[in-house]
Amino acid sequence: MAAWDLSVTVEDLGPDAPPLKISVTSDLHIGGVILKVVEKTGLQQDWSDHALWWEQKQQWLLKTSWTLDKCGVHADARLIFSTQHKPLRLGLPNGVILRLRASFSIPVFRTVQGICRVLNIRHPEELSLLRPVEEKKKKKDKNSTEDEYDLTNVPLTSVSVPTLYDGMPAHFADSPKTEAAYKMLSVCQPSPSPESVAKLYRPASKVDKTHIHTRWLDSSRSLMQQGIQENDKLWLRFKYYTFHDVEPKYDAVRLTQLYEQARWAILLEDNDCTEEEMMLFGALQYHIGKLSLSQEVGSCQGMEDLESALKSLEVKMVGENNSTDINLCCLYFYFCVLPFRPRRLTLRDYKQYWFKFQDTSIFYYKSKEDSYGEPIQQLNLKGGEVTPDVNIAGQKFCIRLLIPVPEGMNEVYLRCENEKQYAEWMAACKLASKGLTLLDSSYRTEVKNIQTFLSMQRSNSSASTPQTDESINTQSLVSPRYNKKYKVKQLTPRILEAYQNVADLSLTAAILKFLQIWQSLPDFGISYFMVR
Numbered sequence: 001m002a003a004w005d006l007s008v009t010v011e012d013l014g015p016d017a018p019p020l021k022i023s024v025t026s027d028l029h030i031g032g033v034i035l036k037v038v039e040k041t042g043l044q045q046d047w048s049d050h051a052l053w054w055e056q057k058q059q060w061l062l063k064t065s066w067t068l069d070k071c072g073v074h075a076d077a078r079l080i081f082s083t084q085h086k087p088l089r090l091g092l093p094n095g096v097i098l099r100l101r102a103s104f105s106i107p108v109f110r111t112v113q114g115i116c117r118v119l120n121i122r123h124p125e126e127l128s129l130l131r132p133v134e135e136k137k138k139k140k141d142k143n144s145t146e147d148e149y150d151l152t153n154v155p156l157t158s159v160s161v162p163t164l165y166d167g168m169p170a171h172f173a174d175s176p177k178t179e180a181a182y183k184m185l186s187v188c189q190p191s192p193s194p195e196s197v198a199k200l201y202r203p204a205s206k207v208d209k210t211h212i213h214t215r216w217l218d219s220s221r222s223l224m225q226q227g228i229q230e231n232d233k234l235w236l237r238f239k240y241y242t243f244h245d246v247e248p249k250y251d252a253v254r255l256t257q258l259y260e261q262a263r264w265a266i267l268l269e270d271n272d273c274t275e276e277e278m279m280l281f282g283a284l285q286y287h288i289g290k291l292s293l294s295q296e297v298g299s300c301q302g303m304e305d306l307e308s309a310l311k312s313l314e315v316k317m318v319g320e321n322n323s324t325d326i327n328l329c330c331l332y333f334y335f336c337v338l339p340f341r342p343r344r345l346t347l348r349d350y351k352q353y354w355f356k357f358q359d360t361s362i363f364y365y366k367s368k369e370d371s372y373g374e375p376i377q378q379l380n381l382k383g384g385e386v387t388p389d390v391n392i393a394g395q396k397f398c399i400r401l402l403i404p405v406p407e408g409m410n411e412v413y414l415r416c417e418n419e420k421q422y423a424e425w426m427a428a429c430k431l432a433s434k435g436l437t438l439l440d441s442s443y444r445t446e447v448k449n450i451q452t453f454l455s456m457q458r459s460n461s462s463a464s465t466p467q468t469d470e471s472i473n474t475q476s477l478v479s480p481r482y483n484k485k486y487k488v489k490q491l492t493p494r495i496l497e498a499y500q501n502v503a504d505l506s507l508t509a510a511i512l513k514f515l516q517i518w519q520s521l522p523d524f525g526i527s528y529f530m531v532r
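Residue numbers (the UniProt record's numbering): 1 to 532.
Any given hint could be a false lead.
Calculated pairs, DSSO-like style, for lysine-lysine (alpha carbon to alpha carbon, straight line, at most 27 Å) [stated by the list, open to error]:
1) Lys-233 x Lys-57
2) Lys-420 x Lys-199
3) Lys-448 x Lys-513
4) Lys-57 x Lys-70
5) Lys-199 x Lys-487
6) Lys-366 x Lys-396
7) Lys-199 x Lys-249
8) Lys-382 x Lys-396
9) Lys-183 x Lys-513
10) Lys-382 x Lys-199
11) Lys-448 x Lys-420
12) Lys-487 x Lys-434
13) Lys-448 x Lys-434
14) Lys-382 x Lys-356
15) Lys-434 x Lys-420
16) Lys-484 x Lys-209
17) Lys-177 x Lys-249
18) Lys-21 x Lys-36
19) Lys-206 x Lys-249
20) Lys-356 x Lys-434
21) Lys-513 x Lys-420
22) Lys-183 x Lys-233
23) Lys-57 x Lys-21
24) Lys-489 x Lys-434
25) Lys-40 x Lys-70
26) Lys-485 x Lys-249
27) Lys-21 x Lys-63
28) Lys-382 x Lys-485
29) Lys-351 x Lys-368
30) Lys-396 x Lys-434
31) Lys-183 x Lys-239
32) Lys-70 x Lys-36
33) Lys-420 x Lys-382
34) Lys-448 x Lys-199
35) Lys-366 x Lys-448
36) Lys-183 x Lys-206
37) Lys-209 x Lys-249
38) Lys-487 x Lys-382
Hints are computed from structural coordinates only; laboratory data are not their basis.
Start from the sequences and build out the full structure, keeping to the hints where you can.
The following block contains the structure:
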């Protein structure tokens, strides 16, 4: 069989290097062509990740046993000898850019599987890749650069089932940079500013919602076949809204990214919701953001268990003396007892008594001197209800208690003198209603949460104020439509009212609650298509 010259461009020789001319015959298999190319380059390196790309046909020649004749390759073919795994800039649902190596030669479905294996995301069949919306850069933003996390040193081919090390996959524990990348993946990001939300693309109509399907990549074709080049930017998003087998212990990254996508769907008005639902979404966002800020870098379950054990040991060493560490056991309070469900016009007659907190009960006396004798009454808070009755502007700090008694329920009001006293006693009452004492390790955390809640009411932050542990920026928690409709002074009390119902949730429970409400929206999971 006659020999003929085949033109092959080798990317490793540089962009200006001329194509190599390889003398071949039609019955030569693809593996033999690769061997001739490698020998002619004279480079000593690892070529195992390289393959031939047929530029005119836009296809990979991956079956090395096939001959050139069977593949249809003739003398006019232009082949490129290129790596199959190339760097890709990946935009995650939380808005962070991740740079990693992805396979450009296999179908997108399998490429997403490899990416999710690196990111420790289970059930990759729920996700897919899509082209980002084209952004028009302004002159002053021309030189602005986005923060990127580089994971290109983690090859997809070497990652099988991730091995957990200190609560994270082992391939993230190699360096501080990769550890920071994992923390970014598994911890919810702070609330964005209203200005940044307003700049992002929002579908104005149902016709606009149909355009997203033109940007999804074909799952059955490779990245290279769909025009994606090295270092191009793509978005990784949840495409199929049937989420099953959600296990918080193993799905830290998956749960966080799912929450971030749900949050942006609400803020960008992809999913319509009522005002009450929006206020509840805002309250959950603040609560999740506050709890995420409190997480330490590199914290792990083992350290949490150790801290819990140390606190338990400390409690045992302290013993039953409740007044050793707590300064609120005995104070003067203004006290009011009303029958349950009083009339609206009933006036509350407050009287001052000396109060003592012990275990899960409150004892009160006429004065401090009488506290060594029998109390007037003992209020057992276990199983009762504790709700705040606070007005910062009016300097009103009251605690409303519903105490179970044989006749039914007693409604009791405690009036505190200042914020500090209110926060300490409110936290103590909440723990007592759950059967916990003042020595429980969660007491100080509960006090801090209540103080944060009070500062939220007192705060009248502007739109540009970033979210911190002491303030709340309500305009960053709702969609632009509600920012235009209501002022900050109108939004804050409504979000605070909703926040009271979710303030006791843990971080995982709050995220699951957010996702549950998101999935219950009428237009959740509905896709729009243009039909002619």
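Going down the list of hints, with the structure as the test:
no. : hint              : verdict
1   : Lys-233 x Lys-57  : holds (24 Å)
2   : Lys-420 x Lys-199 : violated (41 Å)
3   : Lys-448 x Lys-513 : holds (23 Å)
4   : Lys-57 x Lys-70   : holds (14 Å)
5   : Lys-199 x Lys-487 : holds (20 Å)
6   : Lys-366 x Lys-396 : holds (23 Å)
7   : Lys-199 x Lys-249 : violated (36 Å)
8   : Lys-382 x Lys-396 : holds (25 Å)
9   : Lys-183 x Lys-513 : holds (22 Å)
10  : Lys-382 x Lys-199 : violated (50 Å)
11  : Lys-448 x Lys-420 : holds (10 Å)
12  : Lys-487 x Lys-434 : violated (37 Å)
13  : Lys-448 x Lys-434 : holds (18 Å)
14  : Lys-382 x Lys-356 : holds (16 Å)
15  : Lys-434 x Lys-420 : holds (22 Å)
16  : Lys-484 x Lys-209 : holds (23 Å)
17  : Lys-177 x Lys-249 : holds (23 Å)
18  : Lys-21 x Lys-36   : holds (10 Å)
19  : Lys-206 x Lys-249 : violated (38 Å)
20  : Lys-356 x Lys-434 : holds (19 Å)
21  : Lys-513 x Lys-420 : violated (31 Å)
22  : Lys-183 x Lys-233 : holds (22 Å)
23  : Lys-57 x Lys-21   : holds (20 Å)
24  : Lys-489 x Lys-434 : violated (34 Å)
25  : Lys-40 x Lys-70   : holds (24 Å)
26  : Lys-485 x Lys-249 : violated (40 Å)
27  : Lys-21 x Lys-63   : holds (22 Å)
28  : Lys-382 x Lys-485 : violated (43 Å)
29  : Lys-351 x Lys-368 : holds (14 Å)
30  : Lys-396 x Lys-434 : holds (25 Å)
31  : Lys-183 x Lys-239 : holds (24 Å)
32  : Lys-70 x Lys-36   : holds (19 Å)
33  : Lys-420 x Lys-382 : holds (23 Å)
34  : Lys-448 x Lys-199 : violated (35 Å)
35  : Lys-366 x Lys-448 : violated (31 Å)
36  : Lys-183 x Lys-206 : violated (36 Å)
37  : Lys-209 x Lys-249 : violated (35 Å)
38  : Lys-487 x Lys-382 : violated (40 Å)
Of the numbered hints listed earlier, those contradicted by the structure are 2, 7, 10, 12, 19, 21, 24, 26, 28, 34, 35, 36, 37 and 38.
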